[in-house]
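Since each chain sits alone in its own frame, please combine them into the complex, following the hints.
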Amino acid sequence: MNILAQLIVSGVSVGMVYAVIAFGYQLTFATSKTLNFGQGEALALGALVGLTTINFLIGQAIGTFWAYLLMLPIVLVFGMAQGAVVEWLGVRQAIRMKSEAGWIMATIALGIIFKNLAENIWGRDPLKFPSPLPEQALQIGPVRVQPMEIAIVVGALALMLAVEIFNRTSIFGKAVVATAADRDAAGLMGVNTSLVITFSYALSSLSAAFAGVLVAPVTLTGASMGAVLGLKAFAVAIIGGLSSGIGAIVGGLILGIVETLTGFYISTGYKDVPGLVLLLLVLSLKPSGLFGKATIKKV
Amino acid sequence: MKLNSIVLAIMASTALAGSAWADDTIKVGLSGPFTGGSAAMGVSMRDGVKLAAEEINKAGGVLGKKIELVERNDEAKNEVGVQVAQELINKEGVIATLGYINTGVALASQRFYEEAEIPVINNVATGTAVTAQFKEPNYVFRNAAADAIQSRMIADEAINRQGFKKPAILADSTNYGQLGQADLTKALDKLGVKPVATEKFNVGDTDMTAQVLRAKEAGADVILTYAIGPELAQIANAMAKLGWKVPMIGSWTLSMASFIDTAGANGDGAIMPQTFIQLPTTPKRKAFIEAYQKKYNVDRIASPVSAAQGYDSVYLLAAAINQAGSTDGRKIREALENLNAKIDGVVTTYDHPFSATDHEAISGNIPVMGLVKGGRVVPAHAEDLDGDKALRVKPKS
Chain B
1 MNILAQLIVS
11 GVSVGMVYAV
21 IAFGYQLTFA
31 TSKTLNFGQG
41 EALALGALVG
51 LTTINFLIGQ
61 AIGTFWAYLL
71 MLPIVLVFGM
81 AQGAVVEWLG
91 VRQAIRMKSE
101 AGWIMATIAL
111 GIIFKNLAEN
121 IWGRDPLKFP
131 SPLPEQALQI
141 GPVRVQPMEI
151 AIVVGALALM
161 LAVEIFNRTS
171 IFGKAVVATA
181 ADRDAAGLMG
191 VNTSLVITFS
201 YALSSLSAAF
211 AGVLVAPVTL
221 TGASMGAVLG
231 LKAFAVAIIG
241 GLSSGIGAIV
251 GGLILGIVET
261 LTGFYISTGY
271 KDVPGLVLLL
281 LVLSLKPSGL
291 FGKATIKKV
Chain U
1 MKLNSIVLAI
11 MASTALAGSA
21 WADDTIKVGL
31 SGPFTGGSAA
41 MGVSMRDGVK
51 LAAEEINKAG
61 GVLGKKIELV
71 ERNDEAKNEV
81 GVQVAQELIN
91 KEGVIATLGY
101 INTGVALASQ
111 RFYEEAEIPV
121 INNVATGTAV
131 TAQFKEPNYV
141 FRNAAADAIQ
151 SRMIADEAIN
161 RQGFKKPAIL
171 ADSTNYGQLG
181 QADLTKALDK
191 LGVKPVATEK
201 FNVGDTDMTA
211 QVLRAKEAGA
221 DVILTYAIGP
231 ELAQIANAMA
241 KLGWKVPMIG
251 SWTLSMASFI
261 DTAGANGDGA
271 IMPQTFIQLP
281 TTPKRKAFIE
291 AYQKKYNVDR
301 IASPVSAAQG
311 YDSVYLLAAA
321 INQAGSTDGR
331 KIREALENLN
341 AKIDGVVTTY
351 DHPFSATDHE
361 AISGNIPVMG
371 LVKGGRVVPA
381 HAEDLDGDKA
391 LRVKPKS
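Just so you know, the sequences run in chain order B and U.
Per my numbering, the first sequence starts with residue 1, numbered consecutively.
Per my numbering, the second sequence starts with residue 1, numbered consecutively.
Everything labelled a hint here was simulated from the structure, so no lab data went into it.
Among the clues, some could well be false.
[As the list claims (entries may be wrong)] The calculated EDC-like cross-link candidates involving lysine to aspartate or glutamate, where the alpha carbons are at most 20 Å apart (straight line), are: (1) U/Lys245 - B/Asp125; (2) B/Lys128 - U/Asp261; (3) U/Lys77 - B/Asp125.
Just chain U, same shape as in the assembly (with noise of 0.2 Å):
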């Protein structure tokens, strides 16, 4: 009883010094993979974010205070991001966490947010289950296309678009892959069509022939992926070796660069849904591009979806404060839900783009169609892009 009464007076004192010195200042969670095979992800989102987080600073802030970024590596593991987790809630003491790359993370980490009320914007992460795992009230947001719109995208590119008929389905044999697959048949058969193989492979491994030679064999025309940068490079070059080339079509993974520079030229030609491709199309693309270019000495964003969404994640975030006037997590969520000012962001204008009970910012008609091209994402199909189709907006429900 004693021990307790004590453990509990170091606490409240803990906890009041805490908030006495977050006064002047309103700390928010940054989770993702900075090492790893999701690095350049989980970097440029970060960069994204910080991008964002100094200028709101610099234009005063929200409710008079300054964004305290707390950045924390969760490594891609499931188990370090429930650590981060933990951390970010009970000793940083945040009043919300942008980030997020890997479905597996997300899963893993979110419940502890959900439990203490501290909503969540995954920025990147695109598992359809991410959204969903909680019902009402969910602190859980996202403005990433999910896998269910990828798939659908990707089907609807391959079959009516490009009038393909005998696709063949290639994904590695993790949840990322093996979701997507299930995805991908999923929307195939709604437009009819039957995969002619279906492949899986492991992560790590070095040799495609197999793989490859089926899809060949059963008279595959065009090969739909859903795997991460290495392998799907080495299918590329399986492809290069077997002197057989037709299209590779799938998730935006195609865009990493470990894809894009390992394939080299054998991975041109690639296309994958992307809410977010590395040219001026709008005014405010083009001051984010310029911005980004110059805080961080770089032409080539290495992954630019990734950078848009961390940088309007922290825009939405910022939001919701303003109007909750208030850090206290159940009143961001209610102010997220039913966000009146309108923000003009990269990826899109957010108008009202969360509800109760859809926490999806980005809609089916936002992603285009990108394309590999020398080392670049360039648009697939220019006239996507085309004037005011450049700035695509979720239809009001």
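Bound-form chain B, shown alone (with noise of 0.2 Å):
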């Protein structure tokens, strides 16, 4: 019971990761039906960013936790800055010439380019990222948790929760909602849907670069370390469905629970098998996911 208690926790963690940058795939989505397939690149650099930054700041003489608050509105700006220049470059060629294809390997590419980039300011080395919590394992009841982990959990929900309220009270968020539901009708209507569009681009960017300073205390910084993440929020987002911000969460949570307990019930070499199992099921059975409407596309 201990032991199974003790999986979950750890599936938790990993799983939330996945489900915020799960999350930055689904903002692209709503408005513009188009994904950003960088975004594991994009939180590499976020990590990155984040760590010249936290690492200067500790410099400063400002104690770690402090330097980590301050290190985040600056890295979300500049994850922000980072996906408006992709949908910049890559993806608003795309969509104005209706083609079905040109953004994949734009986005492709230009997460290459960011990689290659950050291989060449930070090294290809792993580099250690300063914990702003104390690395010391919590107990809790029969759990033993890293105090980084909680972070993880609540920092997670915090920045998904917080994305929620901005686009259902705000008038620039209702914008972006009638985009989401009809983006000609949208236009129609005096939405400005290409400047949308550049913003859920920002804001899927914002997500990834988040996941990447969240992440990185418990793990290494590296211009690599978000390939597998990316593919693997990929994975939770098809499974969750890629409109809905409760399947990024609950499919978030099924991966990274799965994927620890195939690891440690089953064996730790088949770790990565069930989930892919999963999605293909996900994709037979109910192809718009466990929590995504069905679209009809009317020819």
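As structure tokens, this is what we get:
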């Protein structure tokens, strides 16, 4: 029983990282029906910018915890700028040309460019990210958990909640929702849909960059840290459904927990298999995802 | 036909020009990863090689000529290593190559040297297959401790010396990890012990809870590892998180800076085979450490084993060239296989280190166990390096 609880706690913390990145996929899909396949690289860039910033702040004799908090807004702004650049360079043309696949190649290509850029600036070595919280594990009931793992879960939920509240209450958020519901109609009503799409890309990369600085203290930071995470989050977005925020959370939790449970109860060599089996099952039984709305494409 | 003869003429003239230039220096290739996850080993090896070449050149060089090192970064990638090999052989015209950190890169690249009859001295790569790729005449030599030696030492340390009974093996899913895991299982089997758990993980995995819990639930009293720095650190950190502390004993990669620095206090106590520990236990070692620290302005050598083996590999090659009296690959190989000069190296004293059938300079008795303590590697058993035991020499065959 203790072991099961321990495994679930680890799975939840890994799963919430997947959920935040998957949430980023959903943001752009909602407004433009396109995805940023460079999410993993956006995550790595965010973490690396965060690393440089936090090291600079620590160098200014600011404690690690406060340096981490001060670093967050800088990373979030950087993430937004990076996302806007991706939309501007890679996606806008494809949408205007009504190209079905142009944005896929463009976002993948931009991802590779960002990765090479990061390798040239920060090198290829994995770097240690200073942990803002004590690294000593806490004993909670039968379970031992690192404070940073709790921070990951809280931070991930807070970010998703903040974006949802923004979309539902602010006027700009309503424009986002309107564009997501019907881009042409929103455009006719005077919503600047192209700006809204740029904004959704900015928010999407912001989520990825945030996930990067959340996960960095428990792993290592490096240009290739996002590759596996980005791919797994894509699976999560498919499992949960590309149009549902709750779907991202549930999908992330399912994948994270299934992975750790399989690793323990079946074999660590097969850790990644059930997630992919689940992905195939969802695709064949409910292609819009567990929480997705079925879309009917009229021809 | 005509085109062919023109090409031949151009090739002949460039070859002549090349040899005319090469008259005052002897070109030696140097291939290793100077960026990426293995960079600490690659850079330390390179710096050790450069230090030795500089000393030899200051003392007059070999055959009256200076050694010129041609460094190339193979990025720990097999395909880049192959390109580097072809460039060094065909364009630079090296007479021998030193290097290789990664077993995969060595295995992919050595074919070209074998065909060109140019000797290679592996000074870091440990895969057992590295020197066994070709039959006689074999142009591949090594002065690093092969995995077959290391896995025996790990098993012996855990079972015989420390008396553990229930080892768990944690290895990554690369060639290095899986071949090492097979070697380890074999070595344990010889001692009549079966691992209670054998776990696997991918390079880049961030959460090791499942692997470590499985080892814990199987009742393991020691963890044996075959992986590289960052993931080894994740294992140490996962054990600390779960509040479970058993000793970690593993291959020499536990001495990597990326393990020691990332795991911090959690990595203290890890034990691994080392051919060289940064301690002045012999006069030669003292001189080497001081020269290295002075030249590169460091206190802790990032990978002392790589630096020392890199340094020794240059002296082995230089002695062979001197004995051969020529830079002809075949003659250098023959000289290496029957080296008459005794070489006072950092790792050991090389007395006929190679023969026609044995291309391994490091024998099972040479490495000692190192222990991570306060961010450095120190001897695990101080008595191993006491008095004349400090200098361990390969037994005569």
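Quick rundown of the hints versus the structure:
1. U/Lys245 - B/Asp125: violated, 28 Å
2. B/Lys128 - U/Asp261: Measuring from Cα to Cα gives roughly 8 Å; hence the hint holds.
3. U/Lys77 - B/Asp125: Answer holds: lysine 77 of chain U to aspartate 125 of chain B is near 15 Å, not above 20 Å.
Violated hint for the displayed structure: number 1, the only one.
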